[in-house]
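Participant: Take a look at the letters that make up each chain.
2 protein chains.
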Amino acid sequence: MSDLAGRLDRCSINTATLGYQLPIGQTIEAVARAGFGAIAPWRRELEGESARLVSRRIRDAGLTVSGYCRSTYIPAASDTEFAENIEDNRRAIDDAAELGAACFVMVVGGLPQGSKDLADARRQVRDGIARLLEHAGAQNVPLAIEPLHPMYAADRACINTLRQALDLCDALDPSQTGTVGVAVDLYHVWWDPDLKTQILRAGHSKRLLGFHLCDWLVPTNDMLLDRGMMGDGVIDIHGVRRHIEASGYAGRLEVEIFSRDNWWKRPATEVLEVCAQRLQTVC
Amino acid sequence: MSDLAGRLDRCSINTATLGYQLPIGQTIEAVARAGFGAIAPWRRELEGESARLVSRRIRDAGLTVSGYCRSTYIPAASDTEFAENIEDNRRAIDDAAELGAACFVMVVGGLPQGSKDLADARRQVRDGIARLLEHAGAQNVPLAIEPLHPMYAADRACINTLRQALDLCDALDPSQTGTVGVAVDLYHVWWDPDLKTQILRAGHSKRLLGFHLCDWLVPTNDMLLDRGMMGDGVIDIHGVRRHIEASGYAGRLEVEIFSRDNWWKRPATEVLEVCAQRLQTVC
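Those protein sequences? They're chains A and B, same order as listed.
When we follow the numbering used here, the leftmost residue of the first sequence carries the number 1, and every step to the right adds one.
When we follow the numbering used here, the leftmost residue of the second sequence carries the number 1, and every step to the right adds one.
To be clear, the hints were calculated from the coordinates, so they are not data collected in a lab.
All values reported here derive from a predicted model rather than from experimental measurement.
One or more of the hints may lead you astray.
Chain copies aren't distinguished; within one or between two, either way the pair holds.
Quick list of in silico lysine-lysine cross-link-like pairs, BS3-like style, CA-CA up to 30 Å [what the hints assert, rightly or not]:
1. 116 x 265
2. 265 x 206
3. 265 x 196
4. 206 x 116
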C-alpha cells in the first residue's frame with residue numbers, strides 16, 4: 001500500500017486528464033468533490049473567462065493550483081513572431097499569478113516552420129525564457145521548464161532531457177533565485193538512464209517545481225494521445241516518486257493523462273475515481 | 001552539392017529500406033545495379049538460405065556488407081530464456097562472419113514481459129554482451145550497439161542514447177580492442193543535445209562502427225514504420241555526417257528506412273533511385 005493512502009490532498013488533477021469535456025467551473029467542482037487537493041488548469045479553459053473569478057472558484061472549492069498549462073511555443077521563424085510569442089507568455093504569466101499557480105509550465109516549442117536547426121531553436125528558447133524571467137519574478141510565478149520526450153523534439157519541445165533542462169536553468173539563473181526550475185513528467189523522462197542523477201541535481205538546486213504522473217503503455221498507439229493510467233503501463237512510478245521526494249520535492253503529485261480513445265471517453269467522475277484509486281495503491 | 005556526388009560506392013542499402021519485397025538474391029542484384037558499394041541484410045532474409053552462398057552472391061555482385069541486422073533481444077524473464085537469447089546471438093555472429101559483415105548490429109531489447117525494472121534490463125544487456133565478446137572477437141565480427149530512440153525503451157531497446165551506449169562500451173571493453181562499438185542511426189539520435197560531443201567521443205575511442213541514414217517526418221504517423229527519405233524531414237543530415245566523418249568514421253553510409261505506407265509500396269528500383277539521388281544531393 002502506497003503512503004499516499006488517504007492523502008489525496010497531496011495530489012492534483014491536470015484538467016487535460018478529463019479531456020476538457022466540462023466547462024472549467026464544473027471541472028473544479030468535480031476535482032474537489034473527488035477529494036483532490038489541487039488542480040492544474042489549461043489556458044484554453046480560461047478563454048472567455050475572468051482569471052480572477054476562476055481563481056476564486058478554485059479557492060472556494062478548497063483547491064490550490066499546482067501549475068498553469070502552458071507556454072506559447074517560443075522558437076519562431078521571424079523576430080516579429082518571436083516577440084509575439086514572448087508577449088503571449090507574459091500575459092499568460094499574469095493569469096498564472098491571478099490563479100496563484102505554483103508554477104507556469106513551459107513547453108518550449110520545437111523547430112520553427114522550415115527549419116532544421118535544433119541548436120538555433122534551443123538558443124531561441126534560452127533567449128526567450130531569459131526575457132520572461134524578470135516578469136515572472138515580479139509576478140511571483142516560477143517558470144517550470146518541462147523537458148518533453150525526444151519524440152516531440154521537432155514539433156513540441158526542443159528541451160528533451162532533465163539534464164538539458166537543468167543546464168538551461170543554471171545558465172539562466174545561476175544564483176538559484178527560484179524563478180526558474182523544472183517540471184518532471186514521468187511520461188517524458190522515465191526512459192532516461194540519467195534520471196536519478198538529474199532528479200537529485202534538481203533537488204539540490206531547488207529546481208523541482210512540478211511532478212506529473214501517468215504511465216507508458218505497451219504498445220503505444222498514438223504518439224500524443226495514448227498515455228496510460230498509473231499502473232496500466234511499464235513505468236516504475238513508485239520508484240521515481242521515491243527519488244523525487246528524497247530530493248526534497250514537497251509539491252503536488254499531478255496526474256496528467258492524454259488519452260483520446262480511452263479515458264477521455266469516460267465520464268469525469270469515473271476518471272477521477274480511478275485516478276484516486278491508483279494514486280493510493282500503485283504510486 | 002554534396003561531396004557524395006558520384007560516390008555511391010561509399011554508400012550502403014539496408015535491405016529493410018526495400019520492405020523485404022524481393023528474395024535476397026534479387027535484392028543483391030538490384031542494389032549492385034543501382035551503383036551502391038554495400039548492402040546490409042537482415043537475418044530473416046537468410047532463413048532457409050546458406051550464409052556462404054549469400055555471401056558469395058554479395059561478393060560476386062561487387063558489394064561488401066556494411067552490417068548484419070540484427071541481434072536477438074537480450075533481456076529475459078528467466079535464466080533459461082536469457083541463455084537462449086545469448087546462444088541465438090552467437091549463431092547470428094557466425095553468419096555475420098560468413099558474410100564478412102563490417103559489424104553485427106545489436107538492437108538490445110527492452111523490458112522483459114511483466115517487468116518495470118529498466119535498470120535490471122540494462123544490467124542484463126551488459127552481462128549478455130559481455131558473454132558474446134570473446135566469440136565476436138574470435139569470429140572477427142565487431143558488435144555495434146545501436147542506441148534506439150527513447151520511444152522504444154520499453155519494447156525494443158533499453159539503450160537509448162549514444163552516451164549510454166559508449167559508457168557500456170567502456171565498461172565492456174576498456175582497452176578498446178575494437179570488438180565492441182556503436183552504430184549511429186540518425187533516426188534514433190538526431191534530437192540529442194549531447195550528440196556532437198558523443199560522436200567525437202566515439203571517434204576518439206574508435207567505436208564508430210556504423211552510420212545509418214533516414215529522416216524524421218513531421219508529423220510521424222507510426223512510431224515504427226513511418227521513417228522518411230533523406231531530405232523529406234527535419235534532420236540536418238549533412239551536419240551530422242560532417243561530425244561523424246570529422247571523427248574519423250570511414251565506413252559506409254547506410255540507408256535504413258522503415259516506411260510501410262510510402263516507400264515499401266514502391267518498386268525496389270524506384271526506391272533505390274531516390275536513395276541514390278538524395279544521398280548525392282542532401283546528405
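Participant: Of the numbered hints stated previously, which ones are contradicted by the structure, given in increasing order?
Facilitator: Numbers 2, 3 - these are the hints that the structure violates, sorted from lowest upward.
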